[in-house]
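So the sequence shown is residues 144 to 850, counted in my numbering.
For the record, the hints were derived by calculation from the structure and aren't laboratory data.
Check each hint, because a few of them may be wrong.
List of simulated lysine to any residue pairs, SDA-like, C-alpha gap at most 25 Å [stated by the list, open to error]: (1) Lys661 with Thr627; (2) Lys842 with Ser829; (3) Lys644 with Leu555; (4) Lys201 with Glu191; (5) Lys409 with Ser393; (6) Lys201 with Ser218; (7) Lys661 with Ala689; (8) Lys661 with Asn740; (9) Lys842 with Glu804; (10) Lys201 with His284; (11) Lys593 with Leu576; (12) Lys201 with Asp244; (13) Lys400 with Ile433.
For each label pair, taking beta carbons as the anchor points, the in silico distance ranges come out as [said to hold, decoys possible]: (14) Gln457 with Asp614: 21 to 31 Å; (15) Gln562 with Ile744: 31 to 41 Å; (16) Pro685 with Thr612: 44 to 54 Å; (17) Glu646 with Gln457: 38 to 48 Å; (18) Ser287 with Gln526: 14 to 24 Å; (19) Asn199 with Tyr390: 22 to 32 Å; (20) Asn688 with Ile754: 22 to 32 Å; (21) Gln457 with Asn479: 28 to 38 Å; (22) Asp651 with Gln571: 21 to 31 Å.
Where a beta carbon is used, it is the ideal one built from N, C-alpha and C, also for glycine.
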Amino acid sequence: MSSYSYIYVCMRLKLLTIVLFGVLFCWQMEGQDYALNMRAGGQNVHFEIPSGATDNFKTLSFWIKPNSTWDATLSQPIPIVVKDKYDVSTTWGGRFLIYVDNGQVIWTIGDYNGPAAGYSIASDKSRWEADIWYHMAFVLHPQSGMQMYVNGILQNSTNPRTDLPPGPVEGADEPFIVGAWGTGEHYYLPAQLDEFRIWSVAKTENDIRANMCTRVGCVNGLVLNYNFNSMVPNGLTDVCGIHSLPYEASITSQRYKLSTAPLGDKSEYLYTNSFPGNELAGELVADSIILTNMNIAPNEGMHIYMSTGRPAVQAGLPDSIQYAEGILGVWSTDTNARFDVRIVLDPTTSDCQNCTFLMSRDRQVDSFYFRTEPLTSCGYEMQNESDNGRRWREEYYPIHQFRFLPGMDDSLAICANGQYRLSVRFLQDATYLWDNGSTADGRFINQSGKYWVEMDYRGCKSSDTIYVTLDSVPEFDFGFTDTTICQGDTITIECPLPGVKYEWKRGDTTRAIQIWEKGIYRLETTYGICSHRDQFAVQVIPRLNADLGPDSTLCLGQERSWRFNPTVGSYLWWDGSRSSSNSVFNQPGTYWVQIENECFIATDTVTFDFIDCDCRIDIPNTFTPNLDRVNDQTGVFTRCYFRYYEFVVMDRWGNRVFYSEDANERWDGTFNGENCPQGIYSYVLSYRRWTGPKEPVVKSGTMMLLR
């Protein structure tokens, strides 16, 4: 079949069609099927049914999948659909309750003035397995009253009540709430919901069975239809467009889950009262499925549901899209069901040979897998599916023609200086054979020529060829790796290779660029599909700054020091030293430094003068060397700096009793270790300061020694 034929078939099935890389892609144009998860991760969902949809309705139906098993061990009742402010134990006005208690689904209608317990019916089933979909229908029949259907089977418990409850006397009426105990919001519904429908007519048993596994739009008698497929956050869309829910904060986009309910675009059914001598058959476009040898419990039923396109949950299906009409599903109300199945494929769209496959999955396995039954007369025969562990739920996915190409281009140009990996489409379980004998899903090449590969996918083969040419590489070499410039200079660097595309790291696209800053400069040249890179580093030698500071007058005892960066160049000081640091102490004069590097020379000169900033001379006129540690010594007290200093003390006869050349030395009133007598003593001080006159200064005077 040509690609155009495939496109026609896809469009006949209302599928989106694209041919890409030689592979036919068909997608179902309708959206995925979703369910609403009412409780997950501690977050609860509940919503109010618009009042217009609940005015005198006659049938309510939905699919429900418990998150955990419901049985007699439940710690508290679980609300499903409630018109009651409080929980089941409290009476409030007109009551409408669908809830789970002690494992049974219970339906109660109560009036304000009626019996406190109301009018109730209960399901025959008292255990609901986790992660299993169940169909529920509740009918207010004008003659038969309250009826409950589980999976299309009428439950034994009924009640003649035929109308909905009136509003309460004492206040405003309560709305119908799904997933919580009314506006009181006590407890929540730990389950998923799908295909929530309200009808204005009382549905018969055949109506319920005919519609339960079929997606319906807005048909006659349908007042509200929430299929949850629009995934509207904080709201719900009514398929009929009348009772959409504009806002409900608890409904977030995370609450929508891909649905696995047994639903199709159409369905067929048989229940045991119709079994003798009958087969159950269905047709999807031109594929058909036939169930025979059905063995189920009395009053139970078998359903076939069929959907075009790929399923909502696609685990296990090949990544490569193939032509397939859709899903053929089998679902039984009896979990111990046995059946044989025959699937007949459309011979006009199937090759009925190596490229036709059948995949399936059961209710316990989400992932599709290939069936091993042989293809016979363009179909498959499966005997007693229950022996394969599938039992009551199975989905079949026939692949008519598995159309694929390895996915190589017709031609390819590669660079002459390297190698390239030819890759093909990867398919799980596929085998590969290349022209060089390689069996990997790719191979490396570095030469021009013709290359081919053959893929084998479960006996379905396809081959592909590619022609490879070599492009020259625009190689070049700057001839150096680094260069150095002086600050303020500019250099021009030109690529030695003409006639190619240039792209410098800083964004220039010219052959030559000017450089004045430090950095790494990279150039990529491109010729055709090939490119080459080279780079170099530029260092900038900075200008020098030799700053010794301003000329200054310093106090004696102060020091002026300098410390420069040792890495910027070489140093030469006035004293011949070449260190990066130097200092001056108490030495007036002129000082200089010279700094030199590869580009620059800098010098500076500074002049310093030193003065006595705090020079005062004091000589006491009396002291008392009596060892009381108070005024026991005398001498010259000063902060002056002296170049020359001499202090002499003499007695009244002119004999020298003390002599010092140290301004810090003191006389203790002794001579040669003996105490000198009390009396008047004379002194002579001679000195020359660091600053001031060069001739010595002489001062004389007397002092009194007392004991």
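Would you list, in rising numerical order, the hints stated earlier that this structure does not obey?
-> Violated hints: 5, 6, 13, 14, 15, 18, 22; rest satisfied.
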